[in-house]
Amino acid sequence: MDKKLTHLNERGRAQMVDVSAKDKTTRIAKAAAKVILNEETFRLLVNQGIKKGDVLAVSQVAGIMAAKKTSDLIPMCHPIAITGADIDFVLDEENYEIEIIATTKVVGETGVEMEALTAVATAALTIYDMCKAVQRDIVITDIKLLEKSGGKSADYKWEEK
Numbered sequence: 000m001d002k003k004l005t006h007l008n009e010r011g012r013a014q015m016v017d018v019s020a021k022d023k024t025t026r027i028a029k030a031a032a033k034v035i036l037n038e039e040t041f042r043l044l045v046n047q048g049i050k051k052g053d054v055l056a057v058s059q060v061a062g063i064m065a066a067k068k069t070s071d072l073i074p075m076c077h078p079i080a081i082t083g084a085d086i087d088f089v090l091d092e093e094n095y096e097i098e099i100i101a102t103t104k105v106v107g108e109t110g111v112e113m114e115a116l117t118a119v120a121t122a123a124l125t126i127y128d129m130c131k132a133v134q135r136d137i138v139i140t141d142i143k144l145l146e147k148s149g150g151k152s153a154d155y156k157w158e159e160k
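Quick note on numbering: the sequence shown equals residues 0 to 160 in numbering that gives the first Met the number 0.
Be careful, since some hints might not be right.
Said to hold, decoys possible - Simulated restraints on C-beta separations:
no., residue 1, residue 2, range
1, ASP22, GLY83, 17 to 23 Å
2, GLU92, SER152, 34 to 40 Å
3, ASP87, ASN8, 35 to 41 Å
4, ASP87, GLU158, 18 to 24 Å
What the hints assert, rightly or not - Calculated cross-link-like contacts (lysine-lysine; reagent style DSS-like; alpha-carbon spacing at most 30 Å):
no., residue 1, residue 2
5, LYS104, LYS67
6, LYS33, LYS21
7, LYS50, LYS23
These are calculated hints, taken from the structure and not from any lab test.
A virtual CB, placed ideally from N, CA and C, is assigned to each residue, including glycine.
Whenever a hint applies, use it, and build me the whole structure from the sequences.
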């Protein structure tokens, strides 16, 4: 992996990397985040008792929308034509946790890692927003890239340390 910071120009100032010389390839990224609730909030969410509506359905749509808007939020991200975005939820009923997993895909000159990360962060924030009337001490944690493939750089897969 090249350790050079590519978002800095020769004067040390921020730049958007020029990807015009790169080949278009299929690129896929998967990211995760975790939302930790208390028992009452978790049960309300699972049983659709949150007054703002279906929390998981709304956060799924919010995450997908966020993936499509990543370049509007992260200054050096390229606007890309995402060809696929999906959000899954894994409910841990013993610990009252929700793991959010986003998968993004593009055929292009640059990857979709930031789009997957933005998707899980936004989905988690949406869960917080919809549940905050019931619980204020919700914790959002463990936002991370799980894997990426495609492009010139080596594929990546998260390994627990």
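Hints, verified against the model:
| no. | hint | verdict |
| --- | --- | --- |
| 1 | ASP22 / GLY83: 17 to 23 Å | 20 Å, holds |
| 2 | GLU92 / SER152: 34 to 40 Å | 38 Å, holds |
| 3 | ASP87 / ASN8: 35 to 41 Å | 39 Å, holds |
| 4 | ASP87 / GLU158: 18 to 24 Å | 21 Å, holds |
| 5 | LYS104 / LYS67 | 11 Å, holds |
| 6 | LYS33 / LYS21 | 34 Å, violated |
| 7 | LYS50 / LYS23 | 45 Å, violated |
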